[in-house]
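Undergrad: The task is simple: from the sequences and hints, build the whole structure.
Counting in the UniProt record's numbering, the sequence shown runs from 1 upward without gaps.
Don't read these hints as lab results, they were simulated from the structure.
Be careful, since some hints might not be right.
[Stated by the list, open to error] Mimicking DSS-like on lysine-lysine, the simulated pairs with C-alpha atoms at most 27 Å apart in a straight line are: (1) Lys9 <-> Lys42; (2) Lys46 <-> Lys66; (3) Lys66 <-> Lys92.
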Amino acid sequence: MMSGYNRMKQYEESVELFTEMERNFVFPTSVTLLLVLSACSKVRDKDLCRRVHVYVSECMTEASLKLENALVNAYAACGEMDVAVRFFRSMKTRDVISWTSIVKGFVEIGNLELARTYFDEMPVRDRISWTIMIDGYLRADCFNESLELFRQMQNAGMVPDEFTVVS
1 MMSGYNRMKQ YEESVELFTE MERNFVFPTS VTLLLVLSAC SKVRDKDLCR
51 RVHVYVSECM TEASLKLENA LVNAYAACGE MDVAVRFFRS MKTRDVISWT
101 SIVKGFVEIG NLELARTYFD EMPVRDRISW TIMIDGYLRA DCFNESLELF
151 RQMQNAGMVP DEFTVVS
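TA: Structural data, given as structure tokens:
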């Protein structure tokens, strides 16, 4: 049901369903947690994000990279960058999704300096991470930085897509 709610962009219903599961002591699977974190990031529910984090910490022996990335992304989407960064730094393994979630979070709150710091530290960048950083500069009216980053993207062999170009 939660997957269907998310597909239909009915994120509040996903959150409500998860809350109902908690009330009835129904233990969520990792898939359920991924779905509720996705909904949580859309509705920017900090409290729910924390509840899921506590559940993962206390009830799961080891969270998958997907689940850890979903937590970083949810915290970042909620504007909780201090928590997102702390969790990110505690992760044993990080991939391009982990890094991009942090970069995007800083872009979203308008901290391009920290976004760029993490972007520059990324071991691997994909088209999405480049586009997020370029778009962040554009939204802040930093046209020269945006254009320079676009050139760097091309020099790195990354082919821009329609989202990059529209940015």
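Undergrad: Starting from Lys46, check that the Cα of Lys66 is at most 27 Å away, please.
TA: holds, 19 Å
Undergrad: Lys66 and Lys92 were given as a pair; does the straight-line alpha-carbon distance stay at or below 27 Å?
TA: holds, 13 Å
Undergrad: Take the C-alpha atoms of Lys9 and Lys42, compute the straight-line distance between them, and say whether it is at most 27 Å.
TA: holds, 9 Å
Of the numbered hints listed earlier, not one is contradicted by the structure.
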